[in-house]
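A.B. asks: Once you have looked at the hints, place chain A on chain R.
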Amino acid sequence: DTEVTQTPKHLVMGMTNKKSLKCEQHMGHRAMYWYKQKAKKPPELMFVYSYEKLSINESVPSRFSPECPNSSLLNLHLHALQPEDSALYLCASSQVASAGLYEQYFGPGTRLTVT
Amino acid sequence: GESVGLHLPTLSVQEGDNSIINCAYSNSASDYFIWYKQESGKGPQFIIDIRSNMDKRQGQRVTVLLNKTVKHLSLQIAATQPGDSAVYFCAETPGSARQLTFGSGTQLTVLP
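Chains as they are written, first to last, in our numbering: chain R, 36 to 150; chain A, 497 to 608.
Isolated chain R (complex conformation) (with noise of 0.2 angstroms):
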């Protein structure tokens, strides 16, 4: 199983809401991310978590609040966004880079709108 699950494929929100974005990994993959996409554009990294514990965070606004509840998920949890913050979210996976280096593998992503 390489497969990167993410849920809901689609979210709409408005900018008072609370609402939280999954991902799923059954590789044994001890690394996992979330990146923000906008359209035509790059991904841009926002967070990493090796062993259930964040590592990085690229100074991402407090209004996302990630969570790794065990090894195989990934929860970003939204609250009070902006509609610049409507994009593409990205959830990947990896083995952890020590002797070596791994690709992450990616999810379908999360087309969030913000209204």
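It cannot be assumed that every hint is accurate.
[Said to hold, decoys possible] Which stretches of chain A does chain R cover? Using the computed rule of at least three CB atoms under 8 angstroms from a CB of chain R, they are: (1) 541-548; (2) 598-606.
[To be verified] Think about it this way: if two alpha-carbon atoms lie no more than 20 angstroms apart in a straight line, the pair counts; the simulated SDA-like pairs of lysine to any residue are: (3) R:LYS44 with R:SER121; (4) R:LYS75 with A:SER536; (5) A:LYS538 with R:GLU59; (6) R:LYS73 with A:SER522; (7) R:LYS75 with A:ILE546; (8) A:LYS567 with A:PRO590; (9) R:LYS76 with A:SER524; (10) R:LYS57 with A:VAL583; (11) R:LYS76 with A:ILE546; (12) R:LYS57 with R:LYS75; (13) R:LYS75 with A:THR605; (14) R:LYS88 with R:GLU59; (15) A:LYS567 with A:SER536; (16) R:LYS75 with A:PRO608; (17) A:LYS538 with A:PRO590; (18) R:LYS76 with A:PRO505; (19) A:LYS538 with R:LEU80; (20) A:LYS538 with R:VAL131; (21) R:LYS71 with A:MET550; (22) R:LYS75 with A:LYS567; (23) A:LYS538 with A:LYS567; (24) R:LYS44 with A:GLN541; (25) A:LYS538 with R:THR148; (26) R:LYS73 with A:VAL583; (27) A:LYS538 with A:GLN577; (28) R:LYS53 with R:LEU113; (29) R:LYS88 with R:SER121; (30) A:LYS567 with A:SER524; (31) R:LYS71 with A:SER524; (32) R:LYS76 with A:GLY555; (33) R:LYS44 with A:GLY537; (34) R:LYS75 with A:VAL583; (35) R:LYS76 with A:VAL583; (36) R:LYS54 with R:PRO43.
Honestly, the hints are just simulated from the structure, not real lab data.
Note that this is a predicted model, so its numbers are computed, not measured.
Note that the Cβ used here is the ideal one computed from N, Cα and C, for glycine as well.
C.D. replies: Just chain A, lined up with the frame of chain R:
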């Protein structure tokens, strides 16, 4: 800061021809490079990777070339097919960091 960039934003090729997509990187500490394909409405899909101790790696219909002297990476697709139409991103990471830096992407269009 350092960045990864692509020479051309768009590329159109005839079906059956070979495609070459180029990428320049500026971080001399980068030692791992990946090419991703992203079709409309989907997440990036891994195509091929190469480590800095290699200068060429081949996959099924794809070849990646790495020239560390001029910090240049290329992706060659043989006998390009309509299904190859997508945006192609190069990505790099330095050392043991897990932060991938993506290039700006090239839109490949395969003409019938």
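A.B. asks: A separate judgement is required for each hint: does it hold in the structure or not?
C.D. replies: Status of each hint after checking the structure:
Here's how the segment 541-548 of chain A fares: 4 of its residues keep a CB closer than 8 angstroms to some CB of chain R, so the rule of at least three is met and the hint holds. For the segment 598-606 of chain A, the proposed coverage by chain R is satisfied: 4 residues have a C-beta within less than 8 angstroms of a C-beta in that chain, meeting the threshold of three. Simply put, R:LYS44 and R:SER121 have alpha-carbon atoms about 13 angstroms apart, close enough for the 20 angstroms limit, and the pair holds. At most 20 angstroms may separate the alpha-carbon atoms for a hinted pair to count; R:LYS75 and A:SER536 meet this at roughly 10 angstroms.
Between the alpha carbons of A:LYS538 and R:GLU59 the distance comes to roughly 16 angstroms, so the proposed pair stays at or under 20 angstroms and holds. A C-alpha spacing of about 23 angstroms is found between R:LYS73 and A:SER522, which places the hinted pair above 20 angstroms, so the restraint is violated. A C-alpha spacing of about 25 angstroms is found between R:LYS75 and A:ILE546, which places the hinted pair above 20 angstroms, so the restraint is violated. Of the pairs offered as hints, the one joining A:LYS567 and A:PRO590 holds, with about 13 angstroms between alpha carbons and a cut-off of 20 angstroms not exceeded.
Of the supplied pair hints, the one linking R:LYS76 and A:SER524 is violated, its CA atoms being roughly 24 angstroms apart against a limit of 20 angstroms. Distance check on the hinted pair: R:LYS57 and A:VAL583 sit about 25 angstroms apart at the alpha-carbon level, beyond 20 angstroms; violated. The suggested pairing of R:LYS76 with A:ILE546 is violated, with an alpha-carbon distance near 23 angstroms, which exceeds 20 angstroms. Simply put, R:LYS57 and R:LYS75 have alpha-carbon atoms about 24 angstroms apart, too far for the 20 angstroms limit, and the pair is violated.
The straight-line distance between the Cα atoms of R:LYS75 and A:THR605 is roughly 15 angstroms, inside the 20 angstroms bound, and the hint therefore holds. Restraint check for R:LYS88 and R:GLU59: the C-alpha separation of about 16 angstroms stays at or below 20 angstroms, so the hint holds. Only pairs whose Cα atoms come within 20 angstroms are accepted, and A:LYS567 paired with A:SER536 is rejected, the gap being roughly 29 angstroms. Distance hint between R:LYS75 and A:PRO608 is unfulfilled; the C-alpha atoms sit about 24 angstroms from each other, more than 20 angstroms.
A distance of roughly 26 angstroms separates the Cα atoms of A:LYS538 and A:PRO590; the hinted pair therefore is violated under the 20 angstroms criterion. At roughly 11 angstroms between alpha-carbon atoms, R:LYS76 and A:PRO505 fall within 20 angstroms of each other, so this suggested pair holds. The suggested pairing of A:LYS538 with R:LEU80 holds, with an alpha-carbon distance near 17 angstroms, which does not exceed 20 angstroms. Annotation: proposed proximity of A:LYS538 to R:VAL131 is violated, straight-line Cα distance about 24 angstroms (limit 20 angstroms).
Pair hint R:LYS71 plus A:MET550 does not hold up; C-alpha atoms about 31 angstroms apart against a cutoff of 20 angstroms. Between the alpha carbons of R:LYS75 and A:LYS567 the distance comes to roughly 24 angstroms, so the proposed pair goes past 20 angstroms and is violated. In summary, the hint linking A:LYS538 to A:LYS567 is not supported, as the alpha carbons are separated by about 29 angstroms, beyond the 20 angstroms threshold. Of the pairs offered as hints, the one joining R:LYS44 and A:GLN541 holds, with about 17 angstroms between alpha carbons and a cut-off of 20 angstroms not exceeded.
Restraint check for A:LYS538 and R:THR148: the C-alpha separation of about 16 angstroms stays at or below 20 angstroms, so the hint holds. The hinted pair formed by R:LYS73 and A:VAL583 meets the criterion: a straight-line CA distance of about 14 angstroms does not exceed 20 angstroms. A hinted pair counts as satisfied when its Cα atoms are at most 20 angstroms apart, and A:LYS538 with A:GLN577 qualifies at roughly 19 angstroms. For the hint linking R:LYS53 to R:LEU113, the alpha-carbon distance of about 6 angstroms falls within 20 angstroms, and the restraint holds.
Taken as a hint, the R:LYS88 and R:SER121 pair is broken in the structure, with Cα atoms around 26 angstroms apart against an allowance of 20 angstroms. In summary, the hint linking A:LYS567 to A:SER524 is supported, as the alpha carbons are separated by about 7 angstroms, within the 20 angstroms threshold. Proposed proximity of R:LYS71 and A:SER524 is contradicted: the alpha carbons are some 26 angstroms apart, above 20 angstroms. Distance hint between R:LYS76 and A:GLY555 is unfulfilled; the C-alpha atoms sit about 26 angstroms from each other, more than 20 angstroms.
For the proposed pair R:LYS44 and A:GLY537, the alpha carbon gap of about 10 angstroms is at most 20 angstroms, so the pair holds. For a cut-off of 20 angstroms, the pair hint linking R:LYS75 to A:VAL583 stands: about 9 angstroms separates their Cα positions. Distance hint between R:LYS76 and A:VAL583 is fulfilled; the C-alpha atoms sit about 10 angstroms from each other, no more than 20 angstroms. Proposed proximity of R:LYS54 and R:PRO43 is supported: the alpha carbons are some 10 angstroms apart, at most 20 angstroms.
Checked against the numbered hints above, the structure violates hints 6, 7, 9, 10, 11, 12, 15, 16, 17, 20, 21, 22, 23, 29, 31, 32; every other hint is satisfied.
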